[in-house]
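What follows is each chain in one-letter form.
There are 2 protein chains.
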Amino acid sequence: MGDIDKNSPIGVFDSGVGGLTVVKELMEQLPNERIIYYGDTARVPYGNKSRETVIRYSREIAEFLCEQNVKAIVVACNTASALALEDLKKAVDVPIIGVVKPGAIAAADATVKGRIGVIATRATVSSGIYEEYLRAKRPDIKVFAKACPLFVPLVEEGLTDDPITDSIIHRYLDELLEQGIDSLVLGCTHYPLLRDSIARAVGQDVTLVNPAFETARSFKALLEEKGLLSETKEKDGQKPVNTFFVSDSPEQFRSFAGNVLSIRIGAEDVKVKAFVG
Amino acid sequence: MGDIDKNSPIGVFDSGVGGLTVVKELMEQLPNERIIYYGDTARVPYGNKSRETVIRYSREIAEFLCEQNVKAIVVACNTASALALEDLKKAVDVPIIGVVKPGAIAAADATVKGRIGVIATRATVSSGIYEEYLRAKRPDIKVFAKACPLFVPLVEEGLTDDPITDSIIHRYLDELLEQGIDSLVLGCTHYPLLRDSIARAVGQDVTLVNPAFETARSFKALLEEKGLLSETKEKDGQKPVNTFFVSDSPEQFRSFAGNVLSIRIGAEDVKVKAFVG
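Quick mapping for you: the protein sequence lines, in order, are chains A and B.
Using the working numbering, read the first sequence as starting at 990 and increasing by one per residue.
Using the working numbering, read the second sequence as starting at 990 and increasing by one per residue.
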């Protein structure tokens, strides 16, 4: 890794638009870094796919980001982090982190009673990886995990504040509340977009943990440790220009970014890059 | 097409499991035909993808089915039929039909008042293809189309009979009922699996049209016309053995087929075939 240029961009990828919640945190915490984002909008969602397929898709994307000369990679998708991160570490030559470990650490810090809920895709829940990290940090912690497969389509449909969404949230979360959890990990990058509705459902005694914030903090520490923080400074309020690649529907991606996350992206900054197949 | 072997299998494809509703009709109406099915379970759903992506995926699959020596193809996915059928007709050398035209013809026959509702994926609705076929048949028909993007995830989650599904159905369909429709096309192969719940919501004055039934009838007529009906007869109640290819999660596919559609598929009859990419 000795010859990595610290002024190269950072790579971020997700199954679709959800990873933009991580981009938002990175833009705030690392304002001098240029971002190259990849959203696999043609093949979203990842959460119901098999481990093999998620690894295959993630490798294609990580290799593509490396071809763009990124200096480090953030896997901004919980499912890809849960299923593919170890494999990706072997496959690429730049530092790479996922969102699961930072999320787990934040949750372990947040809990008082040691009873933590984790909501995520079916694939992330089946992997058991949040439990693994949480127990490694604090072996007495009790983890209650629940797959919420309808949350991603609800977010993708823009129904982030809707009575139908509220009833689906109750369907999924009431059993976790009965277990007396005091912290809840939003273990899928789409879920922070339902934050207000989830907060209403769980009440103020449950702390919501968003791995995106913690991931940006860990990633900043990683770049510092490796001596890879960008030397380029903002000039006269000029932000670095980020580039976004998607595998399908760039216009839909831009409008989602603008409407839901207030991230303004110029039409010329979104490019289509689909993999053959 | 002169050298097509009439005893070859027929090819059927869909974005995932939904096309099995068409397989079920084909098995009943054409019991002597052997079926090779392809379900693109890794890349499901198709309904929110762009035209270019749906065409690319559909071509890969149709070409794969031709490599399996099928004598004819049924595109058992409304989105692929709506967006890719004309392109596929040019790309493959065997007869090929989709589900849209047969569905439109059945709806035009079913309506008395000439007011027809069409529910489908966003991509199918945007294509305007149901309107096109319906107006070609009866220019006085009024068509009210509505995209119902949450129906596919609800079906894939097995929530075919659930109060949450009922409220989502009302959200989508009440505006069609206000228009005084008397027929409703279930314009996505997943939707017939919601038939009972949809029927409850629309009441008995609205006829539900399932393109799967009509497609199997049209396909049988097509095989007859081309002299391509199989000469192999069932022997002692032995059904022909069908083969199912999926791009991901064969076990999930088998259990869905068994539980939801009562189609029993042996583990050895489901194979994984993913496209590179």
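If you're looking for bench data, these hints aren't it; they were derived computationally from the structure.
One or more hints might be untrue.
It does not matter which identical chain is meant; a pair holds if it fits inside one copy or across any two.
Pairs of lysine-lysine residues, derived as BS3-like cross-links and limited to a Cα-Cα distance of at most 30 Å, are as follows [unchecked claim]:
id	residue 1	residue 2
1	Lys1262	Lys1131
2	Lys1079	Lys1262
3	Lys1262	Lys1078
4	Lys1013	Lys1262
5	Lys995	Lys1078
Taking the hints in turn, this is what the structure says about them:
1. Lys1262 <-> Lys1131: So lysine 1262 and lysine 1131 fail the 30 Å test inside a copy (42 Å) and across (40 Å) alike.
2. Lys1079 <-> Lys1262: both (24 Å within a copy, 26 Å between copies)
3. Lys1262 <-> Lys1078: both (23 Å within a copy, 27 Å between copies)
4. Lys1013 <-> Lys1262: Answer is within; shortest intra-copy Cα gap is 22 Å, inter-copy 38 Å.
5. Lys995 <-> Lys1078: Close inside one copy (19 Å), not across copies (52 Å); limit 30 Å.
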